[in-house]
Amino acid sequence: MELSITTLTRRKNGSIGRREEKKTCEALRIGRDTKEELFLPDHRIPYNLATLHPGENGFFIEAEGNNDLRLNEQIVQKAPVSIDDVIGIGPYELKLVEPEDGIDLAVTVELIHPVGDDVEELLSRSNLSINNAGFSNRALSWTLGLSILVLFLVLPILDGTYNIFRSSVTTQNGENQANTMFAKNEVTFDFSWHTGEVMDAHKFFANDCESCHTKPFIMVEDQACLSCHQKTHAHLDTAKFTNPDLNSTRCASCHTDHQGPEPLRASQQALCSDCHTNLEAIAKGTKLINASDFGLNHPQFKPTVWVDASAGKQARISLDETPKENSNLKFPHDVHLIAERMRNPSTGKQEQLECASCHAPDMSKQFFKPVNMEEHCGDCHVLSFDPNKPERLVPHASAATVQREVKEYFSDLALSGNIDEKAAPSSLRRRPGSQLTKTQHLEALEWANEKTNQATNYLFSASQCGVCHQLQRKSDKTAEYRVETVSVTNIWQPLSVFNHEAHADASCESCHAAEQSSTSADVLLPKIESCRDCHGGQLTSDKIPSTCISCHVFHNDKLALMSPTTGE
Amino acid sequence: MHEGFLVYANSKYLKWAAALCLASIAAYIFYEPIDEHNGGTVLGYILGTVGALLIFWLTWLGIRKRQYGAHFRLTAWVSAHVYLGLSLIVVATLHTGFQFDWNLHTLTYVLMIIVILSGIFGIYAYARFPRLVSENRRGVSMDDLLTQIGDLDRECRQLAIGLPDEVSSLILKSCEETIIGGSIFRILSGKASNCPSDAAFAQLRTLVSTAHQEHALNTRKLLVLTGKKCGVLGTIRRDIQLKALMDIWLRVHVPVTIALLVALTVHIISVFYYW
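First to last, the sequence lines map onto chains A and B. Under this note's numbering, the first residue of the first sequence carries the number 30, and numbering increases by one thereafter. Under this note's numbering, the first residue of the second sequence carries the number 2, and numbering increases by one thereafter.
Read the hints as simulated data drawn from the structure, not as lab findings. Note that the coordinates shown come from a computational prediction; the quantities given were computed from them, not determined experimentally. Beta carbons: idealized from backbone N, C-alpha and C, even for Gly. Certain hints may be false.
Derived list of chain A stretches under chain B, where covered just means 3 residues or more per stretch with a C-beta under 8 Å from a C-beta of chain B [said to hold, decoys possible]:
#1 145-158
#2 222-231
#3 297-309
Listing some non-contacts, in silico: residues in chain B with all C-beta distances to chain A over 12 Å [as the list claims (entries may be wrong)]:
#4 A19
#5 I121
#6 Y127
#7 R221
Using the sequences and the accompanying hints, generate a full structural model.
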């Protein structure tokens, strides 16, 4: 067949250059192979791309191998073609045109997509700088900044102060449930403001910041604390000490929160010594002695002792002044701790008494139960009064009770008869049950009175009650006695905190010189020097650092309750 | 010297920063808080104020140091920015009293640490990478490198015309689908997985041995040209990687600084809102 191939070239000025080539061939083979009828010198074209054949019903085009062709923008591999069909071959376009006379097939070929500038195309595909990738600095800054602003400022304030995210339930008395500290523990937006773990006792309302932080930008006020802690006592008598400096200390100054689970966090002695170093300056007229450090600046202990138990008088006396307690009790500790002198009358055996024989810890184990006569003394100090019946005892009761009991005892004996006592009237030695005459009645009464007097004189003598008690005979004429009131101090320093259990590993004698004490007037309290053997002030390095509140309490139970208005 | 700011004025700002750190540490050791060390003690407030002022001032420095001229020297500002910025690690950590939790306050601290760490990387980048860039490029400009690639591609295309499809398709892909850089991670990695040029080079090495006699010479030429292209691509990729490393820290440093300023402001408001 006769073939005409016209190569079209578009010039820059828009005109089209045409170069025609005529060939005689069997079919029009298209490809990069130089042997092809349509040789396209472009590496983008396959070696053998396709062939345009003459057929029975005109021409058809057939791709070689797996190559694809674009016939009028349709992907085909084999298809009949006719005049004006456009076949896309890689970057070329092949168009069938009306052939001239004597020509069987006429096509035009045009390079539609020439090879571009490789560098430019490479750059257009590539991205050489991270500044062209992803977010811009500005966008990222805005996003991060606004997110933080909304999440950590706007939402917490709307939540905490305006409660707009809380499920609020209005109770019967019109109270908004969400505003109470008993509101359900919900996750809240102001949670992110928590500066640390709340103390255990406050955890049940820890999500409701406003229950303590009642006013924005105002430090937690005492009213917030006292709204719950209504039974807390003051530290000082605000009516007596009116210096405003004394009353300006906030609860939270010592009771810091958001610092962990323990209740009272602040124990620095400086909290106390700020005022107590020079107390007169801030609290004129105080009777308290200055103190600032247990090891270095602390007065001698001043126990509260009974200076006159009969008159009910107590006083605080420094141990340096060797206080004597006038308790009306006679008790030598030293004798009781010597085994040779302790013989149990019922067993006849010697006994070694120890401190614990009489001093038993109380429930708290910090202090001791009061010593009880029947329990602790009665085994040896037997209150017998009738030599014929030594097992018969009087109770450890008032003098009147004892005297009445003795009298009743002997009266009963006299009336019953059958008394085995030679000196007794014969009528009293009669058989029991026999009738008494009036004379015999009087005899019996006289005998009973006499025996009662004897026994009472014995009981209220230095060998029975008088061993421990101060006795007074009411009058010379009668055998009526009075026992002076006994008042023994159980806790020498009622305002201090001392835990005996914590000191259980130390022997009692290391603090209490009971073995050297021959009189109950001795105050067997160790001096401060004894404590200082082990304890020092807060800053000590070679002793147990002990701050003020190791032994003292701030809130004094003997003072009025704290008032929200004064705060002290 | 890019690291000239490190020894500027006899390390004046290093000394200032060291003094600030030592003073903070000494105060922390000798100050006895009523409770435990934290941001709410007297010392905590002092350290917090110093830290916050430093942060605001250092940010302002960051802005000022971009404005040349006037009364300051760029080196002086960078020196102050670097050393006082580093001292924040001590000041702010002591301000926290080592109390960290899942809250806004620790978030603020973490943002500050991210800013400082990115800044430290920036110092490292400016001290080390410019030399690596020169070593990598060996005096050739980026434009020259790209022109080399264009020339190599043109030669490859020309040679490929006379070669079988399996070869020319490799070259076609190499010329038309090779990409330099791309996403931040690709740029930073300095590598390009599935690079068509690398693939062409690898396959040409095997094709060279099996090529038809008439194509053998050109195929071998193509192999050499593609190899050269891969080399140039490697240089360019390393170059943009190094430049990216010199830029990336600022892409963290600046937005996180803004986040830090907001968080710091909110932190200050919040602790006094619920005082």
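* Return the numbers of the hints above that this structure violates; sort them in rising order. => Those not satisfied: there are none.
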